[in-house]
Amino acid sequence: MRTLTKKNLLILGSILLTFALVQVLVLVGILDSFYEITIATICINIILAVSLNLVTGFTGQFSLGHAGFMSIGAYVCAIISMRIGTVGGFLLGLLAGALAATVVGILIGIPTLRLKGDYLAIATLGMAEIIRVVFLNLEITNGAAGLNGIPRYANWLWLYFFTVMAIVIINNFLKSSPGRACIAIREDEIAAESMGINTTKYKVIAFAVGAFFAGLAGGLYASYFYFLKPDLFGFMKSVDILVIVVLGGLGSLTGSVIAAILLGLITTFLQSFTAVRMIVYAVLLVVIMIFRPQGLMGSKEINDLLKFRFGKKEEKIE
Amino acid sequence: MLEINNLNVHYGVIHALKDITLKVNEGEIVTLIGANGAGKSTTLRTISGLIKATSGGILLEGRDISILSAPQRVELGISQVPEGRRVFPDMSVYENLELGAFLRKNKGDIKKDIDSVFEQFPILGERRKQMAGTLSGGEQQMLAIGRGLMSKPRILLLDEPSMGLAPLLVREIFSIIQDINRTGTTILLVEQNASMALSIAQRAYVLETGSIVLSGTGEELVKSSDIQKAYLGGE
Chain A
1 MRTLTKKNLL ILGSILLTFA LVQVLVLVGI LDSFYEITIA TICINIILAV
51 SLNLVTGFTG QFSLGHAGFM SIGAYVCAII SMRIGTVGGF LLGLLAGALA
101 ATVVGILIGI PTLRLKGDYL AIATLGMAEI IRVVFLNLEI TNGAAGLNGI
151 PRYANWLWLY FFTVMAIVII NNFLKSSPGR ACIAIREDEI AAESMGINTT
201 KYKVIAFAVG AFFAGLAGGL YASYFYFLKP DLFGFMKSVD ILVIVVLGGL
251 GSLTGSVIAA ILLGLITTFL QSFTAVRMIV YAVLLVVIMI FRPQGLMGSK
301 EINDLLKFRF GKKEEKIE
Chain B
1 MLEINNLNVH YGVIHALKDI TLKVNEGEIV TLIGANGAGK STTLRTISGL
51 IKATSGGILL EGRDISILSA PQRVELGISQ VPEGRRVFPD MSVYENLELG
101 AFLRKNKGDI KKDIDSVFEQ FPILGERRKQ MAGTLSGGEQ QMLAIGRGLM
151 SKPRILLLDE PSMGLAPLLV REIFSIIQDI NRTGTTILLV EQNASMALSI
201 AQRAYVLETG SIVLSGTGEE LVKSSDIQKA YLGGE
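Top to bottom, those sequences are chains A and B. Counted from 1, the first sequence has number 150 at position 150 by the working numbering; the numbering is strictly sequential. Counted from 1, the second sequence has number 115 at position 115 by the working numbering; the numbering is strictly sequential.
Hints were generated in silico from the structure; no laboratory data involved. A portion of the hints provided could be inaccurate.
Calculated pairs, SDA-like style, for lysine to any residue (alpha carbon to alpha carbon, straight line, at most 25 Å) [stated by the list, open to error]:
1) A:K116 - B:G133
2) B:K111 - A:R180
3) B:K52 - A:E189
4) A:K201 - B:K105
5) B:K105 - A:N171
6) B:K152 - B:R128
7) A:K175 - B:K107
8) A:K175 - B:N106
9) B:K129 - A:R180
10) B:K18 - B:G57
11) A:K175 - B:I110
12) B:K152 - A:S176
13) A:K237 - A:A208
14) A:K229 - A:L92
15) A:K229 - A:G149
16) B:K129 - A:E189
17) B:K52 - A:R114
18) B:K112 - A:S176
19) B:K105 - A:I190
20) A:K300 - B:S92
21) A:K201 - A:A96
All chains should be modelled from the sequences, with the hints used to inform the complete structure.
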């Protein structure tokens, strides 16, 4: 395995360059704290969208419960970092939150992933509601009043780090053997089963990985916005994430990233027109869906587009 | 090699397979013919483990495999080419074949076997990077068969390989099935196209509403007047 190929160096370079660019813009003062919040929201939404895309776009399992996993990560991380008020506590909370979401994902996934399509969507929707109601009634989460004063350790650096990590890990997962199995299940479940793929097992794995990163995003959210209440993780939050995934393209990580950035920017720029904001947002979604029903990227990744452009050159190398 | 004893399958209250008993010897082509809904596909899917039997035994070389999961059965050498081809449409020809070898570990061997599928089906080799969904019906059937071979089966279960194909292509597919059989793979073939199936099979079973009503060598059944009337369009 060559790890330092030209392509990997290019990717690493652009990751660092993006980071440096934003960092410089923040330091120079072009991006004020208002835009910083936008960037943080975008990062969290990217993690949520790529993880939901793994479940819905790549494995073909229609889930409406992503906000539920996010809330588990958020509350676990908040509670732990409020007890241990250090960066270590924050990181521990992030990990614990993500793992707690994973465990719940597995427990819920095993019975529900036997369901298909609409039925699965309803089941996951119900699951997210149950999680929300539980947080609403627990003492440790302070019920409907929510948690206030969560130590704020998540900053742009951490957010960016975890966003890149989520994309890289999910991208590598998709190229691995379990990842191929997940895509095969989306393509044709019966054929996948005939190939000897244990479909339930791989659906649960996809669900668990998706839940892990949703939990991670929740933890980052809790720490960055230092305030939590169960209402933040209602049905509409799951729909928001699904909108990003569908808009970017089911089965395209690049699409999820682009859509998360695009929608984040649109929301920010529409902030000054409160009255028409939701209307413009909705109309934009409708227009994009009419002209690009497969989503902005379809199921293509940025690599496919680059390959298309330099296609001839690559053929010769092979 | 494969033995099925008194197999019963229910879909809810519907008794789909009633006491099916059949046998496939090593190196044979055995065909299972019958009308729509007779239970042919159900039999194949029960053998490959996609459907659970209510009772009865499935023996592979004397070993009862009826309690094993579908993946375990694939590992033991049972491979099914599903009805209606069911290739993975948004994956390339090459990726489809790779997935056929999902349970195998040795990458070098897998690559060698993909090359030999391309040797057998040159058209697939030419289109190795093409998305499987854009192939013609015949090419998709070849891909489905090639993919089925990628798990190195000892017995290949073919479910209606002629479905939806032009007569000329049906001939080609059947001659491919004979080629595969000659290289040592045992074949259990389910078909509605009875005359084609009987022409290449050593032995045949006739299914009617979930029961085996007739069995014999391919030639015997072709000559049988019942079969002539029911399945071959004879008077």
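Verification of the hints:
no., hint, in the structure
1, A:K116 - B:G133, "23 Å, holds"
2, B:K111 - A:R180, "17 Å, holds"
3, B:K52 - A:E189, "17 Å, holds"
4, A:K201 - B:K105, "19 Å, holds"
5, B:K105 - A:N171, "22 Å, holds"
6, B:K152 - B:R128, "20 Å, holds"
7, A:K175 - B:K107, "15 Å, holds"
8, A:K175 - B:N106, "17 Å, holds"
9, B:K129 - A:R180, "16 Å, holds"
10, B:K18 - B:G57, "13 Å, holds"
11, A:K175 - B:I110, "17 Å, holds"
12, B:K152 - A:S176, "22 Å, holds"
13, A:K237 - A:A208, "19 Å, holds"
14, A:K229 - A:L92, "21 Å, holds"
15, A:K229 - A:G149, "12 Å, holds"
16, B:K129 - A:E189, "22 Å, holds"
17, B:K52 - A:R114, "16 Å, holds"
18, B:K112 - A:S176, "20 Å, holds"
19, B:K105 - A:I190, "22 Å, holds"
20, A:K300 - B:S92, "14 Å, holds"
21, A:K201 - A:A96, "23 Å, holds"
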